[in-house]
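With chain D held as given, fit chain C with the ligands onto it using these hints.
Chain by chain, the residues:
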Amino acid sequence: MLSLLQKLSSGLQKTRSSLVEGIHRVVNKARGLDAEVLEGLEEQLLLSDMGWETVEQIMEQLRRRASAANAFNAEEILQILKQELNEQLRGVAHGPLNTETAKPYIISVVGVNGAGKTTTIGKLAHLFSTQERKVLVAAADTFRAAAVEQLDVWRHRAGVDIVHAQPGADPAAVAFDALKAAMSRQVDVLLIDTAGRLHTKGNLMAELTKVNKVLERQCAGAPHAVLLVIDAGTGQNGLIQAKEFTKAAPITGLVITKLDGTAKGGIVFSIVRQLGLPICYIGLGEKIDDLEPFEPETFIEALFQ
Amino acid sequence: MFQELSEKFESVLRRLRGQGRLTEANISEALRDVRRVLLEADVNYKIARQFIADVEKRAVGQEVLKSITPGQQVIKIIYDELCKLLGEKEAPLLFSNRLPNAIMLVGLQGSGKTTLAGKLARHLRKKGRNPLLVAADVHRPAAIQQLQVIGKSLDIQTFSEEGRDVPAICRHAIEHARKNMLDTILIDTAGRLHVDDEMMQEVRRVKETVDPTEILFVADGMTGQDAVNTAQAFLQQLDFSGAVLTKMDGDARGGAALSIRAVTQKPIKFLSVGEKLDQLEPFYPDRMASRILGMGDVVSLVEKAQEAVNADQAFRLEKKLRRQEFDLEDFLEQLQQVKKMGPLQDILAMLPGVQNKAFKSMQVDERALIRVEAMIHSMTLAERANPSIINGSRRKRIAAGSGVTVQEINRLLNQFEMMKKMIKMMKHKSGGNRLPFGF
Ligand SMILES: Nc1nc2c(ncn2[C@@H]2O[C@H](COP(=O)(O)OP(=O)(O)OP(=O)(O)O)[C@@H](O)[C@H]2O)c(=O)[nH]1
Ligand SMILES: Nc1nc2c(ncn2[C@@H]2O[C@H](COP(=O)(O)OP(=O)(O)OP(=O)(O)O)[C@@H](O)[C@H]2O)c(=O)[nH]1
Ligand SMILES: [Mg+2]
Ligand SMILES: [Mg+2]
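Line by line, the protein sequences give chains D and C.
In case it helps, the numbering used here puts the first sequence at residues 1 to 305.
In case it helps, the numbering used here puts the second sequence at residues 1 to 439.
So that you can see chain D by itself, here it is in the shape it has in the complex (with noise of 0.2 Å):
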């Protein structure tokens, strides 16, 4: 076994050679969709955390589409694949939300622990009052150390107003305060901040159920906004994580943090594809300017970087 380890080792030590230049290579060796061209592509695909089932797809459609196209070339083919992943994330209106649908208008922020939803929210909130929105955020994760603390360090940088409560109290009683608070004072838009729970808890999940219910009971129509937050590093238990989220917590979008690292977020086409969920933002750093609204054609650009 060491053998394996050694020459895996040194395999991931070379520097990653860009795929063009792999298929360039091939394709000039023989004519043609060669099953090695097929496996570099299908080998990018899957290092980007697709998983297999979508990566069988995507590689099935390929396939016919390049001979149909009679697409020998590298960059041809390259392109293709980018159309067909293109159109996997088509079909549903991803980007930046509309906060002026409603006033308040309500934003909760969940996701398994450690994501970034506090983080989220602190930019979040500067986003939207650089739009001259109002803004307040309600601190709904009474359990974590110091969440509170955290998200009062965010919403001052944001220059927002914070609705808190003690360590420990109950997150609906929270986001309840807040929203009246929001009615009260005009504010614009309300950003919720939840705790990190792992989907699997079936207590922590029904504690979101209910923050949820009590915002909808309190104003029709609210959350207006659910936000999923994915870190893009997450393999195939994404997937699972935004099915029990939709089942706990009306969902309307996903937010992708830490692109600025080397994961690739290739699980949210599983998502996409599966539950036909938008992508909202992603996430590009820890300032709060370091988010931007989602792109297709950018996401899917960095694939193959």
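Where hints are given, some of them may not hold.
As the list claims (entries may be wrong) - Non-contacting residues of chain C with respect to chain D, defined by C-beta distances greater than 10 Å in every case (computed):
id	residue
1	Lys46
2	Leu280
3	Ser393
As the list claims (entries may be wrong) - With a straight-line Cα cutoff of 27 Å, these simulated DSSO-like cross-link-like pairs (lysine-lysine) come out:
id	chain 1	residue 1	chain 2	residue 2
4	D	Lys201	C	Lys276
5	C	Lys46	C	Lys76
6	D	Lys82	C	Lys46
7	D	Lys247	C	Lys276
8	C	Lys276	D	Lys210
9	D	Lys201	D	Lys247
10	D	Lys243	C	Lys276
These are calculated hints, taken from the structure and not from any lab test.
Just so it is clear, CB atoms sit at the ideal spot from N, CA and C, and this is done for glycine as well.
Chain C with the ligands only, in chain D's frame:
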């Protein structure tokens, strides 16, 4: 439950059944399924490929043991290799005589370092050491407070300072530990990306300053393919001494464990299994291998089943199943074998289906088994062979004989009918093959 069990490996079993020797042809197809299982578990693509190639080499030509099917044998080989790759021996924390010992926690953002610092502090104190928590994350908002809250809840000191010179903070922490007779400092560093040169330099300088006994790379157990890139970069820059996988209380299969282990060759020392500070476990390679394969403890179940199920009996049963002659007498025999394998709860825990929600909610009542046994014992042989003759008055008699209600008899007979139907369905699905473990 046996349907669930065979789900993942059903195709493997099907393809390899009834062949005496493992050949390249019959293995490679089965291994394609295994590759998928590994990918689904988030084992890195390249590692999965190498692993499969290696297993294939090892498996070809092996004679198939009489007692098990070739499919089971392949699974056993895969499992054994996986255990080996994951590390054969336990890897406890290392300590030195030069006090204080420093343990650095490093890793990507949000992986669970700060929480782990608390867990390790608690763990070390239980082992008789005097730990000090050191707040070396000056970047994340309220990171210092987070560690302080954790320290306070454990009644363990936290060292922190204003200012942003992290190596200096750590140096002062060491002085503080010396003065206060604290023998182990746990350094909670900021989360950082391996591609962030400035931040990687900061943590390298911390290493130079504190000369740690351990550097633990803390990785989220839900990580996918990228685990190899990050682990390798942290290894190159810091030469960490071990890894910890967090958030393993969820249902992620944890293939990152294999990826990290394979590219770094460093031991995985702990699993973090919850948000509470006592939720820390040692790392067991065999359990991890089962989890990655998504088969619960299938291998030990296979072994147990082999012991408990006498081969002759299994053969007879199989023939009966095939001819659909399975009767209550056989049902009783099966029950007795199941009982021999140990408490049902334990057996269930070994099955892959247990990771499935449906199974979690399924309560196993050992006493129910005993009642079923009693009911069947109160039947005549003719009734056991042909349950359809059990009419109302027979039911009353059996109920009285076994001390149960007629409703319970009805339920048993219904369940038996359902089971027969299920067996029939499984038989069709698997093309008349042997059902797993004699069922
Ligand atoms: N590099 C990078 N780091 C990020 C990004 N978003 C968040 N982080 C970091 O990830 C870590 C966790 O972020 P949080 O916002 O605390 O995550 P959370 O989901 O609120 O965590 P819990 O509330 O504990 O479940 C912090 O160190 C953040 O600075 C991002 O887009 N890029
Ligand atoms: N379910 C579960 N949650 C965990 C576990 N370990 C940590 N967490 C949670 O994951 C989130 C992030 O944990 P932290 O300890 O803050 O992670 P960190 O690596 O210090 O994060 P940064 O300092 O921002 O890089 C928190 O919500 C923790 O409560 C675990 O084993 N299981
Ligand atoms: Mg948070
Ligand atoms: Mg931390």
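These are the hints, each one checked on the structure:
{"no.": "1", "hint": "Lys46", "verdict": "violated, 7 Å"}
{"no.": "2", "hint": "Leu280", "verdict": "holds, 15 Å"}
{"no.": "3", "hint": "Ser393", "verdict": "holds, 46 Å"}
{"no.": "4", "hint": "D/Lys201 with C/Lys276", "verdict": "holds, 14 Å"}
{"no.": "5", "hint": "C/Lys46 with C/Lys76", "verdict": "holds, 22 Å"}
{"no.": "6", "hint": "D/Lys82 with C/Lys46", "verdict": "holds, 23 Å"}
{"no.": "7", "hint": "D/Lys247 with C/Lys276", "verdict": "holds, 25 Å"}
{"no.": "8", "hint": "C/Lys276 with D/Lys210", "verdict": "holds, 23 Å"}
{"no.": "9", "hint": "D/Lys201 with D/Lys247", "verdict": "holds, 13 Å"}
{"no.": "10", "hint": "D/Lys243 with C/Lys276", "verdict": "holds, 25 Å"}
Violated hints amount to a single one, hint 1; each of the other numbered hints is respected by the structure.
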